[in-house]
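Quick note, the sequences are listed as chains G and S, same order. Anchor point for the first sequence: position 92 equals 92 in the UniProt record's numbering, and the numbering is continuous, going up by one each time. Anchor point for the second sequence: position 207 equals 207 in the UniProt record's numbering, and the numbering is continuous, going up by one each time.
Certain hints may be false.
What the hints assert, rightly or not - List time: in silico DMTMM-like cross-link candidates among lysine to aspartate or glutamate, alpha-carbon distance up to 20 angstroms:
1) S:Lys257 x S:Asp282
2) G:Lys52 x G:Glu117
3) G:Lys52 x G:Asp116
4) S:Lys292 x G:Asp48
5) S:Lys32 x S:Glu174
6) S:Lys33 x G:Asp79
7) S:Lys257 x G:Glu100
8) S:Lys292 x S:Asp205
9) S:Lys32 x S:Asp78
10) S:Lys267 x S:Glu286
11) S:Lys257 x G:Asp103
12) G:Lys52 x G:Glu67
Because the hints were derived from the structure by calculation, they are not lab data.
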Amino acid sequence: MPLELLLALVVGGISGIAVLLHLAGRSRQAVLTAGSARSAWLRHFPNDCVTKVLPAASGQAALVLTEGGPGLLWAFGADTVGRPLAAARVRETASGLRFEFNDFSAPGLSLSLPDDERRQWLELINTPAEAA
Amino acid sequence: MTGQISFPDVTQLAVPFLIAAILAEFLWIALKKRGGRYETRDAVTSLIMGAGSVAEGLLLGFIAWALLMFLWELTPLDMGTSLWAVLACFVLDDLRYYWVHRLGHRVRWVWASHVNHHSSQHYNLTTALRQTWTGTFTFMMVVKAPMVLLGFHPALVLFCGGLNLIYQFWIHTEAVGRLPRWFEAVMNTPSHHRAHHGRNPRYLDCNYAGVFIIWDKLFGTFVPEQDHDRPDYGLVHNIASFNPLRVAFHEWAGIFKDMARPGLTLKQRLLYAFAPPGYSHDGSRETSAGIKAAHLARHPEDAGTPGFGG
Chain G
1 MPLELLLALV VGGISGIAVL LHLAGRSRQA VLTAGSARSA WLRHFPNDCV
51 TKVLPAASGQ AALVLTEGGP GLLWAFGADT VGRPLAAARV RETASGLRFE
101 FNDFSAPGLS LSLPDDERRQ WLELINTPAE AA
Chain S
1 MTGQISFPDV TQLAVPFLIA AILAEFLWIA LKKRGGRYET RDAVTSLIMG
51 AGSVAEGLLL GFIAWALLMF LWELTPLDMG TSLWAVLACF VLDDLRYYWV
101 HRLGHRVRWV WASHVNHHSS QHYNLTTALR QTWTGTFTFM MVVKAPMVLL
151 GFHPALVLFC GGLNLIYQFW IHTEAVGRLP RWFEAVMNTP SHHRAHHGRN
201 PRYLDCNYAG VFIIWDKLFG TFVPEQDHDR PDYGLVHNIA SFNPLRVAFH
251 EWAGIFKDMA RPGLTLKQRL LYAFAPPGYS HDGSRETSAG IKAAHLARHP
301 EDAGTPGFGG
């Protein structure tokens, strides 16, 4: 097959499928509740014992407290991903919190959080696990 | 042996049909409201990985070709290109695929290349195209060497490899349940391969087959899909990026980061590269064996069932 034709097929195919899926509503993000976030965390980390779940008001993420320490779960397309925060760097930004996971498979994440939510999350993230 | 033989590049020729099949699967799912899930960014990432894999073949395929042609010059054998030779080559190549695939799950160096294929939390026809960009760096082309030395021309070996890959496209679907018993007994099917893509402890390291599931039954790695334990797709530790570069290289980055840790012995550094995925020098991570053991500690009732020694 001529390279030009292959290239046109690939670019056209990918673009067409992307547009079709988007128009068909397949770009919607998962929205997390306390219950769905707990289930999702245990799906990712079945050995954990979850003590508390705080979904963000936006539903885009949840702070998950476990006996081993805090973790962050967030919407990843229609699904979720989670990371323990033990090795993460968390800092305040103008609109919320910025998480750096020190993990090539999980680039940093910026979350928009209202002031009271941001303060509560920071306090819980910085509280030793046994005291949470 | 010498000789000029050429076969069509079936993976390139199949591109229009692959696109048509993806559209058909999506429309079927959308209309029937069952049989799988599609997500825009996930699907686009998978398709870009597929395109990148073809590009990698165009750019670096000469390395494997040069090695195989070197061996072809050495061998005194020539199986020819009769229908029987093609059939024998196809079956042998499928056995070759089984072992390369098994190594791909049991040796982290090879897993680093293969992991991207398992990195989607979805399972649809686009997942089939989420192929590696780094296969050349695993040096697994050497597993093709015995076939060439047996007298199968490198062009025929690569042709059969392409057919194998094309066969595996259609089994990446939830739209097909189970097929007739005789077919499920011999061939790799959507049901068998769904189990292979499951991150559930039961399904870790099972069903490595490409075309014939008999290899898994022969070598003790077959686990049938269980209706009460539906495959949960993705990785044990799911990646958090749709960026194709991160998808393609994240495990390589992990290997080199682990190998460069201070205070390790040479053996520990090498084990981070070549031990099964999940190895750690301090026991802080779990291999598939540890994950299965932890599952059985939580669910002792599963002991002796498929995937847990049953």
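Tested hints:
| no. | hint | verdict |
| --- | --- | --- |
| 1 | S:Lys257 x S:Asp282 | holds (15 angstroms) |
| 2 | G:Lys52 x G:Glu117 | holds (15 angstroms) |
| 3 | G:Lys52 x G:Asp116 | holds (18 angstroms) |
| 4 | S:Lys292 x G:Asp48 | holds (15 angstroms) |
| 5 | S:Lys32 x S:Glu174 | holds (12 angstroms) |
| 6 | S:Lys33 x G:Asp79 | holds (18 angstroms) |
| 7 | S:Lys257 x G:Glu100 | holds (16 angstroms) |
| 8 | S:Lys292 x S:Asp205 | holds (11 angstroms) |
| 9 | S:Lys32 x S:Asp78 | violated (51 angstroms) |
| 10 | S:Lys267 x S:Glu286 | holds (19 angstroms) |
| 11 | S:Lys257 x G:Asp103 | holds (10 angstroms) |
| 12 | G:Lys52 x G:Glu67 | holds (10 angstroms) |
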